[in-house]
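This is what each chain is made of:
2 protein chains.
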Amino acid sequence: MIQRAVILSTGDEITTGKVVDSNSNYLADKLNEIGVDLIAVLTVGDVPERLEWAWRTAMEMADLVLSTGGIGPTADDLTTEIVARLTGKALWRHEPSVVQMKRMFESIGRVMPENNIKQALFPETAEVITNPIGTAPGFRMAVPQARHTAHLVVMPGVPREMKPMMENEVIPWIRLNRGSDKVFATRIFQTFGISESGLDEAVAGLIKPEEAKVGFRASFPQISMKVMVEDVPGRAEQRLDELSERVRGRVGSYIYGEGECSMEEVVGRLLTERKLKLAIAESCTGGLIGHRLTNVAGSSSYFEGDLVTYSNKLKISVLGVREETLQNHGAVSEECVREMAAGARARTGADLAVATSGIAGPGGGSAEHPVGTVCIALAAEGVSTSRRYQFRGTRDWVKLLTSQVALDWLRRHALGLPIGEAEVFRR
Amino acid sequence: MIQRAVILSTGDEITTGKVVDSNSNYLADKLNEIGVDLIAVLTVGDVPERLEWAWRTAMEMADLVLSTGGIGPTADDLTTEIVARLTGKALWRHEPSVVQMKRMFESIGRVMPENNIKQALFPETAEVITNPIGTAPGFRMAVPQARHTAHLVVMPGVPREMKPMMENEVIPWIRLNRGSDKVFATRIFQTFGISESGLDEAVAGLIKPEEAKVGFRASFPQISMKVMVEDVPGRAEQRLDELSERVRGRVGSYIYGEGECSMEEVVGRLLTERKLKLAIAESCTGGLIGHRLTNVAGSSSYFEGDLVTYSNKLKISVLGVREETLQNHGAVSEECVREMAAGARARTGADLAVATSGIAGPGGGSAEHPVGTVCIALAAEGVSTSRRYQFRGTRDWVKLLTSQVALDWLRRHALGLPIGEAEVFRR
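Top to bottom, those sequences are chains E and X. Counting from 1 along the first sequence, just add 1156 to a position and that's the residue number in our numbering. Counting from 1 along the second sequence, just add 1156 to a position and that's the residue number in our numbering.
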């Protein structure tokens, strides 16, 4: 019965601060999603006695020990050897893994180095977990302890190999062995424009603690909300669907997507569906909006271009902003961004355009235009909307938040929703 | 004598996967820099018996226990209480901390909530470490163990409070108590265009293991190299200076900066010094170069703007690329990027311009132009340089690498160095 877990995170690169241990964060999140209690993460370097200590401690503490790393072909990859020693098992060679690894090397036109054979050695009684992407397979074994059975799961350290293994092989197996006939059905709502406490309040009266677990994760500038329902298969999904309807009804247009998706992906999908061509005119964001839009594969089908006019001179010559506008209102004004957006649209022939201008800081602020003052405009056929915001935070936060608001305007425009409705900036 | 450390990382937000534990990575790096061996990182949630286990284990294992988090004002902040209980000390109230916290609240026009008093309670014998930024002070205490003394250091979990405390208070104190009259002198070289193994080879014959510790940290697309010399004060710095000269002589222009600095900061400094105005013309990078340049405060003094012409239509209408060029050579060609760069320069009146065009992928590749094909050009008075690259990797990697190469061209141009000299792309 798997209810309590320990994560073992090993490698000198972690204990010397060379890399951030993002694997443990990923695994902690996944365990949380399926209702397994994570007791501890034990992190040690590639030192045999420290690894032994960590393994011994983890097996004593937990039903499930998840380990990443230390199963490569080199001398400092000690995990398999140590597990075999601690559990009193001999190492045996798993021929199908040898064959698969040899094929892997052949496919890239190389001969497999001899030391890779090490990666096909496993403790007796271990069950091999195949690795469709890399050379190192993982393994799983059950080790009886004084009062419980410790299930060990050994995975590679490379995230792009470990994650599919976890998701395709390990999680389904944990679900089956949780000692419960219940499962977790999970949905993530991506929101923008509402604060975490605002979301919390909105949902508090909506979902009772016994109906579902609700968690928030703020990853500036968006906040995602995870709703988890534990019930028997079938009913869990059905109850989640019902709760999701309630959430959508309450949180409404602050939800920009469900599941793992970014604002720029959502905007891209909407523009593609509506066959709308887009142009951007940026000042304070300096190219960030264009960068984000073009992070989405296929963006060339709706993204014409981005005229980043950082100097006033270019606002005039490239976008056709009038000199009087700059003289009378300044570059950080609703008047200016409206002309920028209109100019970008005219210049590119796009169906719609957004424009940004502001003081990202830390310098450049004044009494009239303090740091964080940002103007945004949207232009489309028969539409010219603008608004002034007062954001807070460092230069990169102001840029990022501005880009997010601009993208949200595009989303709202495409969906026919009111623009600039952002509870979080009202205070 | 402080030689071996354990980091305690606590909080439900870590064990449920809500946040990545970046504090531990920071602390591991700092400990490594001053030659303290990090035995383990123990991570547990806000559960009293787990916290007790972690503290007891850490004290038994290490001379130094560094803890972050768990000293806030709320009920789930248990660290101080648990340390007092485990060490058999009573809690006393530190009046200067009460006064300082009250002042802190007054300065933002608020009355201190009663529960904040908790943050001024410390175990007897503890030495308070003041927190100039936040409300929670840290503390330090020595706890005798069977065979050694465990020095406990408790710090806040908020990185912007913890880091200055670590750097200003804790590290100098560790240095004094390392039981050695030696110190570590450290220098970081930021490099681009040379592989980690290339760097390793270059330095292998240059610095003997007994002269200095050399470490690499790849943070795509740059690689930083850290050189650490251990010696008595004065001589350590002098020897580091000598070694640094050797490194500069060998690694040469692949080093773009020393200390913590980004390529865009270096480019910004060079353009400012040389009073050069810059314009960018981007296609496949979509605005990323402009975004990176404008991440640097003060960039408006040299950055005119960025004409992101994603469609061929805009390459023609905005940058003046000739239709024949696009027809005969395509948008991903040296001919096209040269015209883009020249056009950006002419259009903006900038002294120099760089242009990018390529196939970022995953779609859009062909036999002639596979995904990762990228052309870059630089235009300046009497200069028109271009080159074609074949990069590998995902869409975001191709974009990021292209932006880095383009910025490196600007750096090399400003310094009068040969352009496009990148060992790492030659293979």
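Worth double-checking, as some hints may not be accurate.
Note that identical chains are pooled: a pair holds if it fits in a single copy or bridges any two copies.
Here are the simulated DSBU-like pairs of lysine-lysine, each with C-alpha atoms no more than 30 Å apart in a straight line [unchecked claim]:
#: 1; residue 1: K1469; residue 2: K1433
#: 2; residue 1: K1258; residue 2: K1338
#: 3; residue 1: K1174; residue 2: K1338
#: 4; residue 1: K1245; residue 2: K1382
#: 5; residue 1: K1186; residue 2: K1174
#: 6; residue 1: K1338; residue 2: K1186
#: 7; residue 1: K1319; residue 2: K1174
#: 8; residue 1: K1364; residue 2: K1245
#: 9; residue 1: K1431; residue 2: K1469
#: 10; residue 1: K1174; residue 2: K1369
The set of hints was computed from the structure by calculation and includes no laboratory data.
ask   = Hints broken by the structure, by number, lowest first?
value = 2, 4, 8
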